[in-house]
Amino acid sequence: MPKLCDAKTLLLAAAVTGALGATSELLAQANEQFIPALVYRSGPYAPNGVPFANGYADYLNLINERDGGINGVKIVFEECETGYATDRGVECYERLKGKGPTGAAAFSPLSTGITYALTEKVSADKIPLITMGYGRSESVDGSVFMWNFPLLGTYWDAADVLIQHIGNLNGGLDKLKGKKIALVYHDSPYGKEPIPLLQERSRRHGFELVTIPVTHPGVEQKAAWLQIRQGRPDYVLLWGWGVMNSTAIKEAVAVNYPRDHMFGVWWAGAEPDVLPAGADAKGYNALALQHSAGQGPVHADILKYVYGKGKGAGQKEDVGHVLYNRGLINSMLLVESIRTAQAKFGKKPMTGEQVRWGIENLNLDQKRISQLGLFGMLQPLKVSCNDHEGARQARIHQWDGTKWVFVSGWIQADESVIRPMVDEASAKYAKEKNLVRRDCKVS
Amino acid sequence: MFYREAGQFKTTYGADQAVFPIRQDQVFVAIWLAIGFFLVPLISSEYLLRAILIPFLILALAALGLNLLVGYCGQLSLGTGGFMAVGAYAAYNLCVRIPALNPLVAFLLAGGVATLVGIAFGIPSLRIKGYYLAVATLAAQFFLDWVFSRVAWFTNNTPSGSISAPPVTLFQFAFDTPVRKYLLCLAFLVLFAVVAKNLVRGRIGRAWMATRDMDVAAEIIGIRPMYAKLSAFAVSSFFIGVAGGLWAFIHLGSWEPLAFDVNRSFSILFMVIIGGLGSILGSFLGAAFITVLPLLLNQLPQWLSVPISTAMISHLEAMIFGSLIVFFLIVEPLGLARLWRIAKEKLRLWPFPY
Chain A
0 MPKLCDAKTL LLAAAVTGAL GATSELLAQA NEQFIPALVY RSGPYAPNGV PFANGYADYL
60 NLINERDGGI NGVKIVFEEC ETGYATDRGV ECYERLKGKG PTGAAAFSPL STGITYALTE
120 KVSADKIPLI TMGYGRSESV DGSVFMWNFP LLGTYWDAAD VLIQHIGNLN GGLDKLKGKK
180 IALVYHDSPY GKEPIPLLQE RSRRHGFELV TIPVTHPGVE QKAAWLQIRQ GRPDYVLLWG
240 WGVMNSTAIK EAVAVNYPRD HMFGVWWAGA EPDVLPAGAD AKGYNALALQ HSAGQGPVHA
300 DILKYVYGKG KGAGQKEDVG HVLYNRGLIN SMLLVESIRT AQAKFGKKPM TGEQVRWGIE
360 NLNLDQKRIS QLGLFGMLQP LKVSCNDHEG ARQARIHQWD GTKWVFVSGW IQADESVIRP
420 MVDEASAKYA KEKNLVRRDC KVS
Chain B
0 MFYREAGQFK TTYGADQAVF PIRQDQVFVA IWLAIGFFLV PLISSEYLLR AILIPFLILA
60 LAALGLNLLV GYCGQLSLGT GGFMAVGAYA AYNLCVRIPA LNPLVAFLLA GGVATLVGIA
120 FGIPSLRIKG YYLAVATLAA QFFLDWVFSR VAWFTNNTPS GSISAPPVTL FQFAFDTPVR
180 KYLLCLAFLV LFAVVAKNLV RGRIGRAWMA TRDMDVAAEI IGIRPMYAKL SAFAVSSFFI
240 GVAGGLWAFI HLGSWEPLAF DVNRSFSILF MVIIGGLGSI LGSFLGAAFI TVLPLLLNQL
300 PQWLSVPIST AMISHLEAMI FGSLIVFFLI VEPLGLARLW RIAKEKLRLW PFPY
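Listed in order, the protein sequences are those of chains A and B. Position 208, counted from 1, in the first sequence is what numbering that gives the first Met the number 0 calls 207; the numbers after and before it change by one each time, with no gaps. Position 44, counted from 1, in the second sequence is what numbering that gives the first Met the number 0 calls 43; the numbers after and before it change by one each time, with no gaps.
No wet-lab data here; the hints were simulated from the structure. Where is the CB? At the ideal position from N, CA and C, for every residue including glycine. Where hints are given, some of them may not hold.
Label-pair distances were calculated between CB atoms; the ranges are [claimed, not checked]:
no.	chain 1	residue 1	chain 2	residue 2	range
1	A	GLU352	B	MET318	55 to 65 Å
2	B	ASP212	A	LYS125	35 to 45 Å
3	A	LYS249	B	GLY321	28 to 38 Å
4	B	ARG96	A	GLY408	27 to 37 Å
5	B	ILE42	A	LYS249	52 to 62 Å
6	B	LEU115	A	GLY400	35 to 45 Å
7	A	LYS249	B	PHE37	35 to 45 Å
8	B	ALA317	A	LYS179	36 to 46 Å
9	B	LEU41	A	GLU352	22 to 32 Å
To be clear about the criterion: a stretch of chain A counts as covered by chain B if any three or more of its residues have a C-beta under 8 Å from a C-beta of chain B, and this derived list gives those stretches [said to hold, decoys possible]:
no.	segment
10	115 to 123
11	349 to 356
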């Protein structure tokens, strides 16, 4: 009998402490901002997913540890593993969207496929979707895509900047006539996204566009590079992700295609993409989404406040890598948007609708960027209803065998080419979904 | 004691041939239906409905379809994902090109399209069987994948290849909330399960099973193998095509060909094998095992407040899930449905086993 009694008291005690714990948790929750993180730390895209997720988490931890939250509102965040799979991404979204006192602040799925799947769900649930440098290119048009924010640039910008850069190398865009440019792309919405822009550019300048798809996850590319060996295009654009990028560089070596004629998008221009190929990757070019690798004052703070307290998400040595910085900037933009929203709605946890207002009115000037400790890594950006991107400039960086070096100045994507395409595509979407365009002058 | 049918006298042929001749089974099914249609919509959270129950119901329908082919007719198929894609893209194209068409009608028509494609790819089964047929259907899977990602017509010339489904309505009634979507999927599943159950009890089902058990003997007793095999492919593809339409329209809403890749085929085949070949109940149990268990494993550490890193959780999920599959296959190679049957036998004798 005594044994049973013990068990009972234990159970009771457990129940009481559990209840107490729950109430204190509830009290603490009142002043918290929940930020979900859709990550992939396993699977074929993990080499690129891990540094991004670490940067994302470290910056949020930094805000909590150094500033005590955003204007005193503590950040709680939770990761959910998507494995870059669309169905798991949707499951994660459903799992996390209602957490915290005000629900999820914003989602950054880091996958164009998941972005497509979530676009309609977020507008029903009133949660903004930040797709920094990826996602639907036509979602720049905020009058139709109210909840999507492709901050810093879209794939159409990326393709446009690359073509302009290749034009510069040849002494003008008109010199591209008769040239042959191949696009080796990940066979998914991500890889197909730049094709309409490249077709438009090829029509204008008379270069020949060859599109070569690579099946997910991209470890088998022999056929694609055989095509390149036969066709010998003047330039190769690489729209790969994860293990596909390093494989592509190795295959280029195998067919003896010059690496300095290869240009990756910003998702094909980080350390995990070139390091596996070793010395052969030297000369490989890629776009930089504003920043490259490197450290600024913000990294010193992260090392001090986050890693110094043993709360770092990854290895100390990886702080400042390209994708780490991108994750960091992604969460910085979200935090600054929440701050902007707080200036209007009060210093309390923001709802998805309020965060959306904050992103749409985000305005980071050079001074603020320096304050944030990111001088030189980011150009000023200003988001508006009409322009959900905020900035559309990029540079090219080249791998010199040990580090990334910038080889071009800032190139601005050509609005006169892209905007008509954006308008056309967003109008088509609005018609399909029976959406009424928002009047950007009012809000 | 619980499952004793003593005292239940059948006085008509109809009663004797009922789908569930035993009173206990009737009660059991009625309770499950009541839970499914009334209790679950009342108490379930949005997450439970959207992320767990709706995918479970739709994949159970696909598993049911595949079980008719693999479990009842013995024709191994690895093309399920491809046939689901046929259903999804057919429904999409029917809705886009004939705007007046109701999506619910489009699902059934899409099932019809999947039937035709299924019969076409079922023709090799007349000459080859077993592993060779599996390879032939695998070819169907890759071919269909290729068609939907390469031929722009099927995606209505969408540049990214990702298409989004129009809303599903019936007489001004929109299936837009999770509860409504859930009830729609449940209604489809129940309807198709009744059809499947009656098919396998009848002449056609018996022809399938005879073909499965020994095709030469079946032919000798007067079953036409061509008719039996192709009808199995047709019915199975119809089920799978409808499931594909539901998966795309109700669950995903917007999708790309990758949603129906070869992994989908494998996972549905695993549902059938783990649930129980040649068992309607097994299709449901297998679908629950494969869709729900990984999500449970993924969230268990958090519920127990065990701090494990996200990467570790997903590795553990894969490891535990894999070993559970092996465990069940060793302990009960005939599937989860067989476990239920054993339980029923035991309950019948309880508390006086001999």
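These are the hints, each one checked on the structure:
1. Hint check: GLU352 of chain A to MET318 of chain B, Cβ distance near 41 Å, so the stated range 55 to 65 Å is violated.
2. Distance hint check: the CB atoms of ASP212 of chain B and LYS125 of chain A are about 57 Å apart, inconsistent with the given range 35 to 45 Å.
3. For the hinted restraint 28 to 38 Å between LYS249 of chain A and GLY321 of chain B, the CB-CB distance of approximately 30 Å keeps it satisfied.
4. For ARG96 of chain B and GLY408 of chain A, the hinted distance range of 27 to 37 Å is not satisfied, since their beta carbons lie about 49 Å from each other.
5. As the Cβ distance of ILE42 of chain B to LYS249 of chain A is approximately 54 Å, the hint placing it in 52 to 62 Å holds.
6. Checked against the hint of 35 to 45 Å, the C-beta distance between LEU115 of chain B and GLY400 of chain A comes to roughly 57 Å, which is inconsistent with it.
7. Separated by about 59 Å at the C-beta atoms, LYS249 of chain A and PHE37 of chain B break the suggested range of 35 to 45 Å.
8. Under the hint 36 to 46 Å, the C-beta atoms of ALA317 of chain B and LYS179 of chain A, about 43 Å apart, fit the expected range.
9. For LEU41 of chain B and GLU352 of chain A, the hinted distance range of 22 to 32 Å is satisfied, since their beta carbons lie about 29 Å from each other.
10. With 5 residues having a Cβ less than 8 Å from any Cβ of chain B, the segment 115 to 123 of chain A passes the three-residue criterion, so the hint holds.
11. For the segment 349 to 356 of chain A, the stated coverage by chain B is violated: 0 residues have a C-beta nearer than 8 Å to a C-beta of that chain, whereas at least 3 were required.
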